[in-house]
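> Start from the sequences, fold in the hints, and give me the full structure.
If you want the building blocks of each chain, they are given just below.
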Amino acid sequence: MQQPASSTPIVSLRDVQKSFGSLKVLDGVSFTVERGEVLAVIGRSGSGKSTALRCIDRFEKVDGGEITVCGRRVDLPDVDLRALRQDVGIVFQSYNLFPHLTIEQNITLAPCSVKRMCLSEAKALAHKVLAQVGLEEKIHAYPEQLSGGQQQRAAIARSLAMQPKVMLFDEVTSALDPELTGEVLKVIEQLAADGMTMMMVTHEMGFAKGIADRIVFMHRGKVHETGPASILTSPTTLELAQFVGTGNLKS
Amino acid sequence: MGGHLNANHLLFLGHGALWTIGLSLIALIGGGIVGFVIALARISPLRSVRLLSAAYVQLVQGTPLLVILFLGYFGLAAIGLKMSPLAAASASLTLYVAAYLGEIWRGSIQSVPKPQWEAAEGLALSRTQRMMKVILPQAIRIATPPTVGFMVQIIKNTSLASVVGFVELMRSGQIVNNSLFEPFIVYAIIAAVYFAMCYPLSLFSQKLERRMGRGSANFSLA
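The listed protein sequences derive, respectively, from chains A and B.
Residue numbers for the first sequence follow our numbering, so the first one is 922 and each next one is one higher.
Residue numbers for the second sequence follow our numbering, so the first one is 118 and each next one is one higher.
Watch out, some of these pointers could steer you wrong.
As the list claims (entries may be wrong) - Simulated pairs of lysine to aspartate or glutamate, DMTMM-like, Cα-Cα distance not exceeding 20 Å:
| hint | chain 1 | residue 1 | chain 2 | residue 2 |
| --- | --- | --- | --- | --- |
| 1 | A | K945 | A | D984 |
| 2 | A | K1036 | A | D1008 |
| 3 | A | K1036 | B | E238 |
| 4 | A | K1086 | A | D1001 |
| 5 | A | K1036 | A | E1092 |
| 6 | B | K231 | A | E981 |
| 7 | B | K250 | A | D999 |
| 8 | A | K982 | B | E238 |
| 9 | A | K1086 | B | E238 |
| 10 | A | K982 | B | E235 |
| 11 | B | K250 | A | E1065 |
| 12 | B | K231 | A | E1065 |
| 13 | B | K231 | A | E1092 |
| 14 | A | K1143 | A | E987 |
| 15 | A | K1036 | B | E235 |
| 16 | A | K1143 | A | E1110 |
| 17 | A | K982 | A | D948 |
Unchecked claim - Chain A regions said to be covered by chain B (calculated; three or more residues, Cβ under 8 Å):
| hint | region |
| --- | --- |
| 18 | 1009-1020 |
| 19 | 1028-1039 |
Just so you know, these hints were derived from the structure itself, not from any lab.
Quantities reported herein were computed from a predicted structural model and do not represent experimental measurements.
All residues carry an ideal CB built from backbone N, CA and C; glycine is no exception.
Rendered as structure tokens:
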């Protein structure tokens, strides 16, 4: 993997271990996300890809190994979680908008309470990020009045409003039908084009191939194969070949 | 003595009924404040706080209110802490209501879906901000029907305060009956007045629950 020696990665995992009870979910996982890079993490359900993503934002504590995010050691117990989460934006599969707040209030909540931004400034920001995801007209709607795709775009806008240095997407289209998936992927594509550093756990192979600078294929808690998007069409390991279903690997 | 039920008797009962409402409000407000603290303590990140508050809830829920009242009025007096019937009844009911409301509210807070906590955490909100701005507003909606329903229990349970000599509706009924010897009529009136206070609350609680039933779809995901 070539990388410019001058810049340190935004996110780096080194030999990360994580178990749930007796189940080893991450078994020595290492990868990096460079500044401005789009990393797609793929793999079967249970391969540990979502857990790896959640460890980066410290939603799970690791049992071993090192995780560094924006120069901050996330695996250490004394990590400043609030500072970490201002640097990292996370978007979930189930959107998790706050149902009692309008879209605008969903977006202004964190800038106002965490960054002490004044309300008028935060509202201007809400307009800006909603424009980015094409949802300006829904600014005063409640989440329940939006379609799944719109809710997910609003959730992305809410994360963007905190101006994170890296965005994590945890299977953000898995709950959506193909049409709604398209509108969410378009937003993510635009973010990538704007140079946002992103790591996405996804099942959308076509999308991963089109947008990702690099692919990490996880299998049984390990990074099984990694490389440019082309590994999806010409995998070198049998497991990835089986996973992408190309079947063009001679055994 | 004997005699017939007259307007003075009814006025006396009315006065008792007002104290029943008063004592219920004291119990609701006092128990609400303590109960809120209990609810927060039950989900505290500190294990010792969780254990202590859980022990309190178990202790109170496993003790008859009548015994708590006796302890508060006669028991404390015997060791030198004399309280008026109103103070003893208020304190006992507050402790009692706090244990139940604390549990109802803990359950309501915990039934706000966990991803809501995570989303708030992911946005760098502090624990207090997550609680105040994201979780509690949703928990209050969930908690309202069972809380209103529990108010019915509070009103009925204030009748136990009669045993420490506090003149609320039940005690005023006993006093009137002592002069009239008309237990059927007098206690039928008492029952009717309690029913008149409780039934509207029950109906209101059911109505809220039905509305919540519809609204709770908002919490599920599309």
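> Indicate, hint by hint, whether the structure satisfies it.
Hint check results:
Taking the CA atoms of A/K945 and A/D984, the gap is about 10 Å. The hint holds against a cut of 20 Å. At most 20 Å may separate the alpha-carbon atoms for a hinted pair to count; A/K1036 and A/D1008 meet this at roughly 12 Å. Straight-line distance between C-alpha atoms of A/K1036 and B/E238 comes to about 14 Å, which keeps the hinted pair within the 20 Å bound. As the CA atoms of A/K1086 and A/D1001 are separated by approximately 16 Å, the hinted pair is consistent with the 20 Å bound.
Of the pairs offered as hints, the one joining A/K1036 and A/E1092 is violated, with about 28 Å between alpha carbons and a cut-off of 20 Å exceeded. For the hint pairing B/K231 with A/E981, the CA-to-CA distance comes to about 14 Å; that is within 20 Å, so the pair holds. Using a Cα cut-off of 20 Å, the hinted pair B/K250 and A/D999 is violated, with the two alpha carbons roughly 26 Å apart. Of the pairs offered as hints, the one joining A/K982 and B/E238 holds, with about 15 Å between alpha carbons and a cut-off of 20 Å not exceeded.
Distance check on the hinted pair: A/K1086 and B/E238 sit about 17 Å apart at the alpha-carbon level, within 20 Å; holds. With a C-alpha separation of about 14 Å, the suggested pair A/K982 and B/E235 falls inside the 20 Å cut-off, and the hint holds. A distance of roughly 18 Å separates the Cα atoms of B/K250 and A/E1065; the hinted pair therefore holds under the 20 Å criterion. For the proposed pair B/K231 and A/E1065, the alpha carbon gap of about 18 Å is at most 20 Å, so the pair holds.
Our distance criterion of 20 Å between C-alpha atoms is met by B/K231 and A/E1092, whose separation comes to about 18 Å. About 15 Å separates the Cα atoms of A/K1143 and A/E987, which keeps this hinted pair within 20 Å; it holds. A hinted pair counts as satisfied when its Cα atoms are at most 20 Å apart, and A/K1036 with B/E235 qualifies at roughly 19 Å. About 27 Å separates the Cα atoms of A/K1143 and A/E1110, which puts this hinted pair outside 20 Å; it is violated.
Between A/K982 and A/D948 the alpha-carbon distance is near 14 Å, which keeps this suggested pair within the 20 Å criterion. Requiring three or more residues with a Cβ within less than 8 Å of a Cβ of chain B, the coverage given for the region 1009-1020 of chain A holds, as 10 such residues are present. With a cut-off of 8 Å between beta carbons, the region 1028-1039 of chain A has 4 residues touching chain B; three or more are needed, and the interface restraint holds.
When held up to the earlier numbered hints, the structure conflicts with 5, 7 and 16 and fits the remainder.
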